[in-house]
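I would like the entire structure built from these sequences, with the hints used as guidance.
2 protein chains.
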Amino acid sequence: MSGPRTAAPAVVTGGAGAIGSVLVRALLARGSEVRVLDNLSSGRRSHLAGLADDGRWRLVETDLRKDARPAEFAGAEEVWHLAANPDIRLGTADPRTDLEHGTLATFHVLEAARRADVKRVLFSSSSVVYGYPTVFPTPEEYGPLLPQSLYGASKLAGEALLSAYAHCYGIRAFIFRFANIIGPTMTHGVIYDFFEKVRRDPSRLEVLGDGRQSKSYLWVDDCVSAMLRADDAAHDLVNVFNLGTRDRVSVREIAERVVAATGGRARIEFTGGERGWAGDVPQQLLAIDRIEGLGWKPTWDSRAAVDKTIATFAASGPGAPG
Amino acid sequence: MSGPRTAAPAVVTGGAGAIGSVLVRALLARGSEVRVLDNLSSGRRSHLAGLADDGRWRLVETDLRKDARPAEFAGAEEVWHLAANPDIRLGTADPRTDLEHGTLATFHVLEAARRADVKRVLFSSSSVVYGYPTVFPTPEEYGPLLPQSLYGASKLAGEALLSAYAHCYGIRAFIFRFANIIGPTMTHGVIYDFFEKVRRDPSRLEVLGDGRQSKSYLWVDDCVSAMLRADDAAHDLVNVFNLGTRDRVSVREIAERVVAATGGRARIEFTGGERGWAGDVPQQLLAIDRIEGLGWKPTWDSRAAVDKTIATFAASGPGAPG
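Which chain is which? The protein sequence lines are A and B, in order. The first sequence runs 1 to 322 under the numbering used here. The second sequence runs 1 to 322 under the numbering used here.
There's no promise every hint is true.
Put simply, identical chains are the same to the list, so a pair is met inside one copy or across any two.
[As the list claims (entries may be wrong)] Derived pair list, reagent style DMTMM-like, types lysine to aspartate or glutamate, alpha-carbon separation capped at 25 Å:
hint, residue 1, residue 2
1, Lys297, Asp232
2, Lys119, Asp94
3, Lys197, Glu253
4, Lys66, Glu111
5, Lys119, Asp67
Calculated from the structure, these hints are not laboratory results.
Encoded structure:
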């Protein structure tokens, strides 16, 4: 982890979200001023509840599809761009969602950063840029990059924009390709969905696909500590890091654990097929040697992260304020 | 080359451009109806002069930044999306150029194709998606893809969108990563620029960079025959092909040949530096085994293509109607 800095103001888009809010707390602990931009569609004010009202942070409601509030970028040293449509499946129903909340938002953030002479932009990309990879664990150099979803397309478009801005304008770029990030404040994703389904109908749990989809899950605090480590220790013009764990967990196993944690009455029913939905990537395991080479390691492996999330949801309901 | 087809209507965006107009002629020769969408910013009506007015093709002036003329897509079997900002350097001066004429235009074309139930979309991408590769010749599987220009970012964003549309909606995608495509009707690029410079000042030719940039040049008719071959013979859901030659030519050599072809009076002056401009990729050589595996070969290597282009420009001026 990084030591304290003196007044290094940071902008965090999506800073009221499940990952962003953990990052905001860590940046404040590091000594930074933080300006949170969030449209509060999936982010929540409650995620930032309890933070001292000491003038070192503020939340500005912002629709990044149109503009990125340039005034908030003045004097910022770095911009963390985490805002996005968090629901991959939504993109297939309305292709404009990821274009606007992904690609266009990223462009507006980069333009605001460039005009404000910001030195570093750090971007939450995703393992889905690898499409349907044939190499596991998948390294950062893997190609071709052929995403299967419009969400993935918007993440790859965002990476490409960061790379171009780095080379054209000298803004240092950090691209973090996330495994599934989980934690107590998630408001989407497979564990959240399973809890919601069992709450609605305690007799059955429908699982999209054959249950053999198998992926890595990274605990949200580990994700944030990895990004801060890279921010401190990586010095290339464009820095690409996979963030995940060395193990993975099947969807069937997650379903069984959720059923056990909710009373054990629900019957698990698989819809069948290799993929849960159009654009789903059934197998995911990222090579994390590069980020581990900077001295970071995940505190929790995927199985532990899944168990911790399930335990929290079982105790206080999914998506409860952390 | 493909045999004649019966009435397979095709949409060609950028069909009045230097490459698009050659493609339009080839599609008509193949037996297709052709609907050309072009904003006529770098495309020219004269590029399509002399085509029989037999009702099998039409040109519709279209600004793809806003919309893609859905009516023109009705009944089309395939869409060739070649429209783009052709000037890579322009993107650094105004980052919105490639976002709008590249990424947004591609999105609008794909949306129109999806709504019209078009079966295939074929897209002119570029070798610049490879960024600054470390492997030569560079294969289609090369990664990471970190473009150096906003033009390159828009091409990678376009590829990502094609891949997502293929997987989400079943539209077959063809991605062609072009080397430098040259021919008598080019209105931009290094040879065109050199002729224009010598015309303005016959005493000197300023070369951006140190002249050691070395790239492949593919004759425009070879480029079109390769795309038609892939359209006929490639059957994956997403088909990615490098299009180039097996040799390359240095910028210094091109400058010397242009000077010789224009009277030999101009003194060549290098501005210095490895790159010609921010975003320039100094070394480029593509692996073309995949497209050659379909039975295509370039008729002309890079040196011959450069010589043919210089000879045409010397005889009738750069960018003259073909």
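Status of each hint after checking the structure:
In the homo-oligomer, the alpha carbons of Lys297 and Asp232 lie at most 25 Å apart inside one protomer (15 Å), although the nearest pairing across protomers, at 50 Å, exceeds that limit. Taking the shortest Cα distances, Lys119 and Asp94 sit within 25 Å of each other only across copies (20 Å), while inside one copy they are farther apart (35 Å). Proximity of Lys197 and Glu253 under a CA criterion of 25 Å is satisfied intra-copy only: 16 Å inside one chain copy versus 67 Å between copies. Taking the shortest Cα distances, Lys66 and Glu111 sit within 25 Å of each other both inside one copy (12 Å) and across copies (21 Å).
When the C-alpha separation of Lys119 and Asp67 is checked against a cutoff of 25 Å, the pair qualifies only within one copy, where the shortest distance is 20 Å, while the shortest distance between copies is 36 Å.
Consistency note: the structure conflicts with none of the earlier hints.
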